[in-house]
Every structure is written in C-alpha cells, then in structure tokens.
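J.: The lines below spell out each chain.
2 protein chains.
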Amino acid sequence: MNRIITIGREFGSGGRDLGLLLAEKLGIAYYDKEIITGIAEKTSLAEQYVQQVVERRPSHWFPFATGHNFYPNLNLNPLQEQTLSIYHEQCRIIKEMAAKSDCILVGRCADYILQEKKPFRIFVYAPLEERMARCRKRLPEQEKVSDRELKQHILSIDKNRAAYYRFYTGQVWGDKVNYDFCANTASCPVEKLASAVLAMLP
Amino acid sequence: MNRIITIGREFGSGGRDLGLLLAEKLGIAYYDKEIITGIAEKTSLAEQYVQQVVERRPSHWFPFATGHNFYPNLNLNPLQEQTLSIYHEQCRIIKEMAAKSDCILVGRCADYILQEKKPFRIFVYAPLEERMARCRKRLPEQEKVSDRELKQHILSIDKNRAAYYRFYTGQVWGDKVNYDFCANTASCPVEKLASAVLAMLP
Numbered sequence: 001m002n003r004i005i006t007i008g009r010e011f012g013s014g015g016r017d018l019g020l021l022l023a024e025k026l027g028i029a030y031y032d033k034e035i036i037t038g039i040a041e042k043t044s045l046a047e048q049y050v051q052q053v054v055e056r057r058p059s060h061w062f063p064f065a066t067g068h069n070f071y072p073n074l075n076l077n078p079l080q081e082q083t084l085s086i087y088h089e090q091c092r093i094i095k096e097m098a099a100k101s102d103c104i105l106v107g108r109c110a111d112y113i114l115q116e117k118k119p120f121r122i123f124v125y126a127p128l129e130e131r132m133a134r135c136r137k138r139l140p141e142q143e144k145v146s147d148r149e150l151k152q153h154i155l156s157i158d159k160n161r162a163a164y165y166r167f168y169t170g171q172v173w174g175d176k177v178n179y180d181f182c183a184n185t186a187s188c189p190v191e192k193l194a195s196a197v198l199a200m201l202p
Numbered sequence: 001m002n003r004i005i006t007i008g009r010e011f012g013s014g015g016r017d018l019g020l021l022l023a024e025k026l027g028i029a030y031y032d033k034e035i036i037t038g039i040a041e042k043t044s045l046a047e048q049y050v051q052q053v054v055e056r057r058p059s060h061w062f063p064f065a066t067g068h069n070f071y072p073n074l075n076l077n078p079l080q081e082q083t084l085s086i087y088h089e090q091c092r093i094i095k096e097m098a099a100k101s102d103c104i105l106v107g108r109c110a111d112y113i114l115q116e117k118k119p120f121r122i123f124v125y126a127p128l129e130e131r132m133a134r135c136r137k138r139l140p141e142q143e144k145v146s147d148r149e150l151k152q153h154i155l156s157i158d159k160n161r162a163a164y165y166r167f168y169t170g171q172v173w174g175d176k177v178n179y180d181f182c183a184n185t186a187s188c189p190v191e192k193l194a195s196a197v198l199a200m201l202p
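The listed protein sequences correspond, in order, to chains B and F.
Numbered by my numbering, the letters in the first sequence go through residues 1 to 202 in order.
Numbered by my numbering, the letters in the second sequence go through residues 1 to 202 in order.
Derived by calculation from the structure, the hints in this document are not laboratory data.
What you were told as hints is all true, and nothing was included just to trick you.
Because identical chains cannot be distinguished in the list, a pair is counted as satisfied if it fits within a single copy or across any two copies.
In silico DSSO-like cross-links for lysine-lysine, where the CA-CA straight-line distance does not exceed 27 Å:
id: 1; residue 1: 151; residue 2: 118
id: 2; residue 1: 118; residue 2: 100
id: 3; residue 1: 151; residue 2: 176
id: 4; residue 1: 118; residue 2: 137
If you're wondering where the values come from, they're calculated on a predicted model, not measured in any experiment.
Just need the whole structure built from these sequences, with the hints factored in.
T.: Listed below in structure tokens is the structure:
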C-alpha cells in the first residue's frame with residue numbers, strides 16, 4: 001500500500017511549507033491546489049469557482065443534514081446538487097492520487113476520505129499572532145492590510161475549514177483524536193518538524 | 001536556562017515510558033512520582049495521602065472559585081487549606097527541580113507552573129482501547145479486572161486529571177493549544193516518538 005501523509009492546518013501555520021519539504025525529503029508527490037485543478041478539469045467548472053465552493057461553509061446550504069450522513073431521496077436544489085457533486089469529485093480525485101503513488105495531501109478532508117488506507121495524519125497549528133506574522137511576510141509589499149483585516153481573514157478561513165470538515169466528516173476539525181501528530185509550528189521551525197515526522201513514519 | 005520538557009498524558013497512553021526513554025537518551029533527570037515524594041517530605045504528610053489529595057477533583061471542595069484565581073480573604077476550612085498548601089508545595093518543588101538541572105517532568109501541571117521557563121510541552125494520548133490494552137499488559141496476572149472496570153478506572157483518572165488541571169491552570173487539559181507537540185501513541189511506538197521529540201527540541 002502506498003505511503004500517504006495528510007496534513008490539516010490552521011491558516012497561516014505553515015502546513016504547505018511542511019508538506020512541500022516532506023515531499024522533497026521523501027521524494028514523493030505533493031497535492032494541494034492540484035486537487036482543485038483536478039476537480040475543475042473533471043467538472044468543466046472554472047477553477048476559481050470550484051475554489052469558492054469548497055471554501056464556503058456548506059452548512060449554509062444544507063441546514064437539514066450533514067454531508068457524511070445524507071438521507072436518500074432528499075430534494076436538492078441545483079446549487080446543493082452541484083456542491084455535493086464537487087465534493088464527490090474531490091473524493092474520487094483524492095482516492096486516485098492516493099492509489100497512484102506515495103503522496104502528501106494537504107487539506108480537503110483527505111485524512112477522512114482516505115481513512116481506509118491508514119494515512120499518517122498530521123495537523124499543524126500556531127497562535128494567531130504567529131500566523132499573522134507568517135502571513136504578513138508573504139503579502140506583497142504594496143498590499144496594505146490592517147492587523148484587524150488580516151486577523152478577520154485568517155479567522156474566517158479557519159471557521160470555514162472547520163465547518164467544511166465538520167459537515168463532510170462529522171468530526172471536529174483540529175481535534176487531536178483525529179490525528180496521529182499535532183504540532184505547534186510556533187515552537188519548532190518547519191525543517192525540524194519535517195525531521196520529526198520522518199522519525200515517526202511507520 | 002535549563003532544558004525543561006513537560007509531559008501531559010492520558011492515563012495508559014505511555015507518557016511515563018516516553019519520559020523515561022527521553023531522560024535516558026538526553027541523560028537528564030526524570031521526575032514523576034518523585035514530586036509526590038517531595039511534597040510528602042516537605043509537608044510531613046504520608047505519601048499515599050498526598051497522592052490521594054492530588055488525584056481528587058479539587059472542585060468538589062472549592063465550588064466557589066478556581067485555584068489559579070483565588071479571591072483573597074476567603075474563609076477556607078482546614079481540608080481546603082491543606083489541599084491548597086499541598087498544591088503550593090508542589091509548585092515550589094517543581095520550580096526547584098527545574099532550577100536544579102535539565103529535566104523531564106510528568107504531569108502535575110508542570111507545563112503551566114513552569115511557563116516562564118518556556119518548557120517544551122508534550123501531550124500524549126491514544127484511543128481508549130489501546131490504552132486498555134497497554135494497562136492490561138502491566139497488570140499482575142493474578143489481578144483480575146473486567147474490561148468494564150478497567151475502562152471505568154481509566155476514564156475516572158482522566159476525568160480527575162482534567163478537573164485538576166482546569167482548576168489550577170484555568171486551561172483545558174489536553175487541548176493542543178497548550179502544548180508544543182501532541183502525539184497519538186497508538187500510531188507510533190515510544191522509541192520512534194522519542195526520536196521525533198529529539199528532532200524537535202530547541
């Protein structure tokens with residue numbers, strides 16, 4: 001069975017950096033935005049639109065049930081149907097990626113979708129101030145954002161990720177029981193963290 | 001400043017094994033039951049009695065406040081006074097241990113008590129079934145305990161630890177935000193986990 005590593009991450013905590021570094025060290029595939037690109041290709045929807053859909057809170061549209069436990073024969077409106085079909089396409093693509101070769105998958109409920117393949121499930125987090133500082137470093141200089149705006153942006157993305165995860169998995173996003181390893185990236189540089197993960201891998 | 005590592009742990013998740021192995025690998029002191037022995041020596045109370053007090057839920061006795069935020073001039077009864085003085089003795093002993101040399105401290109709110117020394121804070125956990133299996137391995141053969149009894153014992157100890165931690169720190173026991181590194185010991189043998197910690201240490 002292929003070696004699969006999934007990374008859940010609070011926005012701005014360095015999950016992408018960790019994933020890229022691990023992929024490089026292990027010489028295996030890395031999938032992040034590629035999942036969105038794959039869905040767009042398969043559904044003929046614009047990539048930006050798919051990105052919007054998967055970043056919105058699905059519970060706004062489905063107040064009656066949760067994605068992992070749908071009642072059959074529900075009358076869904078076209079928007080609800082499209083949202084669900086995008087999720088199902090995402091599941092298919094993630095399973096395809098995991099079947100193809102060893103890989104690292106960031107976000108998108110991959111830990112849950114691939115649970116039968118027993119992935120090594122990482123979650124990274126950090127205090128808000130540290131994540132704000134990390135985000136600031138990446139912002140183009142000309143892009144002026146106040147601390148308040150940046151904070152709101154980060155919290156809003158995390159809120160959506162938590163709701164998305166909850167809706168489709170029935171589990172609590174970031175709850176350590178759903179992961180093999182949770183690390184506070186404020187306490188440890190990504191380089192050291194990658195070495196720690198390598199030491200822990202089965 | 002001395003290198004301090006604190007380990008919080010769900011009962012039966014292998015926190016003690018990890019601590020002992022790390023202490024051996026790093027060649028530094030390891031404190032677990034020694035904290036209780038120290039309190040007993042300083043307070044002239046029996047070790048077993050101290051153990052009982054620190055394992056009970058303090059909130060039973062202090063329904064009006066929390067240990068980290070006491071109102072002054074409260075009229076405490078002798079039992080409440082003794083419970084608090086045992087905690088204060090514990091704080092003194094833990095600070096003494098941390099000041100003496102590099103060390104590993106297991107449990108007893110050490111992560112909170114030593115927060116100014118910036119310890120590396122680990123929390124280990126595992127699914128209940130795994131912890132039951134680990135406990136069974138340690139039970140003397142003649143000691144017959146049903147699964148139900150063992151489960152109740154584990155859950156009760158964890159409940160007390162959570163309440164004790166909450167009472168004296170105002171924080172949620174096992175909540176990843178209070179730790180640098182949380183590991184599911186069911187996913188990784190203690191030997192590998194120790195190597196991971198060594199890779200992460202500042």
